[in-house]
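**Student:** Given the coordinates of chain A, assemble chain B onto it according to the supplied hints.
Below, each chain spelled out in residue letters.
There are 2 protein chains.
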Amino acid sequence: MKKTDIKILHKTYAQLDGKEVTVAGWIKSVRNSKTFGFIDLNDGTTFAGVQVIFNDTLSNYEDISKLNAGSSIIVTGKLVCTPEMKQPFEIHASAVEIANATTDEYPLQKKHHSVEFLREIAYLRPRTNLFNAVFRIRSVAAFAIHKYFQENGYLYVHTPLITTTDCEGSDQMFKITTLKFNDLPKNPDGTVDMTKDLFGKQAYITGSGQLHGEAFALANSKIYTFGPTFRTENSNTKTHANEFWMIEPEIAFCDLENLMDIEEEMLKSVVGYVLENCPTEINFLDKFVANGLREKLEKLLSSKFTRIDHAEVIKILQAAPVKWEFRPEEGGDIAKEHEKYITEYFGGPVFIKNWPKDIKAYYMKLNPDGKTVAAVDLEVPGAGELMGGSQREEDYAKICKRCDEMGVDKSAIDWYLNLRKFGSCVHSGFGMGFERLVMYLTGVDNIRDSIPFPRTPKNCEY
Amino acid sequence: MKKTDIKILHKTYAQLDGKEVTVAGWIKSVRNSKTFGFIDLNDGTTFAGVQVIFNDTLSNYEDISKLNAGSSIIVTGKLVCTPEMKQPFEIHASAVEIANATTDEYPLQKKHHSVEFLREIAYLRPRTNLFNAVFRIRSVAAFAIHKYFQENGYLYVHTPLITTTDCEGSDQMFKITTLKFNDLPKNPDGTVDMTKDLFGKQAYITGSGQLHGEAFALANSKIYTFGPTFRTENSNTKTHANEFWMIEPEIAFCDLENLMDIEEEMLKSVVGYVLENCPTEINFLDKFVANGLREKLEKLLSSKFTRIDHAEVIKILQAAPVKWEFRPEEGGDIAKEHEKYITEYFGGPVFIKNWPKDIKAYYMKLNPDGKTVAAVDLEVPGAGELMGGSQREEDYAKICKRCDEMGVDKSAIDWYLNLRKFGSCVHSGFGMGFERLVMYLTGVDNIRDSIPFPRTPKNCEY
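Sequences listed follow chains A and B, in order. For the first sequence, the numbering used here begins at 1 and goes up steadily by one. For the second sequence, the numbering used here begins at 1001 and goes up steadily by one.
Just so you know, these hints were derived from the structure itself, not from any lab. Mixed in with the good hints there might be a few duds.
Said to hold, decoys possible - Simulated crosslink set (DSSO-like; lysine-lysine; CA at most 30 Å straight-line):
| hint | chain 1 | residue 1 | chain 2 | residue 2 |
| --- | --- | --- | --- | --- |
| 1 | B | K1201 | A | K180 |
| 2 | B | K1196 | A | K238 |
| 3 | B | K1296 | A | K180 |
| 4 | B | K1296 | A | K147 |
| 5 | A | K2 | B | K1398 |
| 6 | A | K2 | B | K1299 |
| 7 | B | K1180 | A | K180 |
| 8 | B | K1007 | A | K180 |
| 9 | A | K360 | A | K304 |
| 10 | B | K1299 | B | K1011 |
| 11 | A | K175 | B | K1458 |
| 12 | B | K1011 | A | K196 |
| 13 | A | K66 | B | K1421 |
| 14 | A | K186 | B | K1180 |
| 15 | A | K147 | B | K1340 |
Said to hold, decoys possible - Taking beta-carbon pairs under 10 Å as the criterion, some of the chain B residues facing chain A (in silico):
| hint | residue |
| --- | --- |
| 16 | T1164 |
| 17 | T1178 |
| 18 | E1257 |
| 19 | K1371 |
Unchecked claim - Here are the computed distance ranges between Cβ atoms for each label pair:
| hint | chain 1 | residue 1 | chain 2 | residue 2 | range |
| --- | --- | --- | --- | --- | --- |
| 20 | B | S1114 | A | G347 | 55 to 63 Å |
| 21 | B | T1237 | A | G331 | 49 to 57 Å |
| 22 | B | N1152 | A | K78 | 20 to 28 Å |
| 23 | A | N60 | B | G1407 | 21 to 29 Å |
| 24 | B | D1261 | A | Q109 | 32 to 40 Å |
| 25 | A | K111 | B | D1261 | 49 to 57 Å |
| 26 | A | S235 | B | T1237 | 35 to 43 Å |
| 27 | B | D1261 | A | N60 | 50 to 58 Å |
| 28 | A | A95 | B | S1302 | 36 to 44 Å |
| 29 | A | K458 | B | Q1109 | 52 to 60 Å |
| 30 | B | I1098 | A | E312 | 30 to 38 Å |
| 31 | A | V322 | B | K1011 | 49 to 57 Å |
Quantities reported herein were computed from a predicted structural model and do not represent experimental measurements. Each residue gets a CB set at the ideal place from its N, CA and C atoms; glycine is no exception.
So that you can see chain A by itself, here it is in the shape it has in the complex (with noise of 0.2 Å):
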């Protein structure tokens, strides 16, 4: 079959006027009086539909009159430009084939449905204008990102997703397996023979990728990775999934000041992508979901971002006239409520620099001072926390030290820590969230509608 997606039609309406054009998709809506009638009809491909005008020489008149919302259609007419109508083009129907009518067991009806309501139909919620908006933002952002980094000389690399070491703790990853949980095959002490399972041992899915990229930044210079990622975590808020996608750029001879000319840079890229190529999206989410989304947008474009210390950060939070629920103290950690007023403060984005070493991981670049590591949160207005990198501790001696401090068992990182013996570098890197990204992009406050099909605990549906 031969069909025009509706995306087409909206660019290229002008040179079609007149012309005959097949379309498919899906209803919105009909109405028809006893003569005639109007479809709003979409295919996904964009955000706008198109009306379709069909009349009583159809042969199936009827029968198109009663169809509901969500029933298929392909249409083929005349495609006709209206410059004095709200929409720029309709299409006179000459045929109207019925692919699949539904029933009214239909959940989406046109009324207005809650998020709540639409997560627990997560099948059919990419049919409904929020999640065509948002849905469509993070495709695109997703391609902005790699758009960014390929066009930028960064090798994209597969880490991998099983992994028998990783960076953030094994007691926050899903273990793996292919032994039968009712039939396990036991150690004369009775614990089980992890020698049987398919590796051998016991295997995990990781919770990021960072690990296994410094090992190719450490031959490619400049390196990203954009993949899955898992967390245990039992924690049921908005901004906590099990599942996640994460970039993870890491780039060799590169200082913490170099690595936050690449997340300003990079992040502004991929803003000015999305604003770019999703406007009715963007216009769509402003009106309804987040007031003041394209002006936050757009006056990121144009901002410095604020690059402060952690410590002085502490102190404007200690200065402030707010009565925290959290008190800033120096050396600790900050709350949301901090992020919020530190935005706020500054009016725009801010890296928050050099982190107490006691609140930070272990390879992270421990500065002269002893006290502090080169590490670098990004605090953008709205959505918080949004990438987090640090500059990599490259000293082998020291590494080790910091991994004894912190009780890391270096020998299960042994090739890791080798990385700093064999032509090891001033290198650093950051990870960014990508579902925290398409809520700032986008507005939606929960992480459960900026993913397809979202894993929070006790909720593994479809």
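**Tutor:** Below, chain B alone, put in the same frame as chain A:
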């Protein structure tokens, strides 16, 4: 620090003639006389390195001369074009900073290492010429795939990795858990109480995103996935891995003929992009890994893919003057030896379509003959099956009947079956194993050398 990628130098050396540049990377080799020496340096942003000339006016001349392969250095010097030499330019060093000198312990010396040895040091092998070429082609091909689909109006969908439904059967999937193997909660009957697990039931990591992809195709018309996939196969062959990446496009209002058009166009687009963007890598692999690689890829671009029924292929195989290991039989499967013969017979890629229903999946569209399904495999010279796809059964009653015949539990996929009630339409999709594409594009004959950190039975290092 400020440095220039060696890739950029190779693109712009003509304009940089006589100018000072700073580059940083890893030493391939050093050779020197008493007063001057040459360093073969690469930073991995490109295939070709640069030649650095240094002399004894440098205060650390002796230290530089003693550097081993793999050492990291930062070189500042004058770029000098050398049109009369093999390399187009070289750098006359005014300063060489030693970042990290490797010792004799460094496993990669300037000699030939077998791929088997290199697999054992997977964290260092990207520094070799072979893997520099293979992993760059992998990265460029991944981008070419995104580019093709995005430019053609497809939505990139992140289908879930953690799932409780799967199209390939749960016995082929890894189970995941947060329970402790040596302290499992039990039901009164002694079986494991999976309600205590994070998701409240047994969950898996997926073997395919197809079912979820179909839900989005029936909302957005044209979608694709690109993500990791897992199979538990306990198989040690050159073409099996337990973790691999897949691309699964799914298209609404698309029949089997349309699907083949898309597969052919997409493959040509990707091959063309790789030939254009990785000429040096392809030439290297053509010379040292797979003679005739470039010719094979260029020929594909201009060839028209053959389209032939499975039954006809069997007849050709049966009439062939070949002593088969596996006898080709009507209604039977097609073995590796047959795939090879048939692509040679037609001198190019071959779509084998309309397969016997009994050897294919329940979701494939039953043809009017009642014996075959509208499935299609794409066979390519030198790599065998590269894509497998089908038109999907869009009729609710018919797909339910096929489930019953094939013993598929309908209650586990009720939402998927419901898609046939709620605006169903003719739709089709295919899957392409990304590692198989990388093998086809690079000529490497073992899947372990096409993916950064391969996972195979008993093998999950790093």
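**Student:** Each hint should be assessed against the structure and marked as holding or not.
**Tutor:** Results for each hint:
no., hint, in the structure
1, B:K1201 with A:K180, "holds (14 Å)"
2, B:K1196 with A:K238, "holds (23 Å)"
3, B:K1296 with A:K180, "violated (46 Å)"
4, B:K1296 with A:K147, "holds (28 Å)"
5, A:K2 with B:K1398, "holds (25 Å)"
6, A:K2 with B:K1299, "holds (29 Å)"
7, B:K1180 with A:K180, "holds (14 Å)"
8, B:K1007 with A:K180, "violated (51 Å)"
9, A:K360 with A:K304, "holds (26 Å)"
10, B:K1299 with B:K1011, "holds (28 Å)"
11, A:K175 with B:K1458, "holds (16 Å)"
12, B:K1011 with A:K196, "violated (53 Å)"
13, A:K66 with B:K1421, "holds (16 Å)"
14, A:K186 with B:K1180, "holds (14 Å)"
15, A:K147 with B:K1340, "violated (37 Å)"
16, T1164, "holds (5 Å)"
17, T1178, "holds (5 Å)"
18, E1257, "holds (9 Å)"
19, K1371, "violated (24 Å)"
20, B:S1114 with A:G347: 55 to 63 Å, "holds (59 Å)"
21, B:T1237 with A:G331: 49 to 57 Å, "holds (55 Å)"
22, B:N1152 with A:K78: 20 to 28 Å, "holds (26 Å)"
23, A:N60 with B:G1407: 21 to 29 Å, "violated (39 Å)"
24, B:D1261 with A:Q109: 32 to 40 Å, "holds (36 Å)"
25, A:K111 with B:D1261: 49 to 57 Å, "violated (39 Å)"
26, A:S235 with B:T1237: 35 to 43 Å, "holds (42 Å)"
27, B:D1261 with A:N60: 50 to 58 Å, "violated (30 Å)"
28, A:A95 with B:S1302: 36 to 44 Å, "holds (38 Å)"
29, A:K458 with B:Q1109: 52 to 60 Å, "holds (54 Å)"
30, B:I1098 with A:E312: 30 to 38 Å, "holds (35 Å)"
31, A:V322 with B:K1011: 49 to 57 Å, "holds (52 Å)"
Hints 3, 8, 12, 15, 19, 23, 25 and 27 from the earlier list are contradicted by this structure; the remaining hints agree with it.
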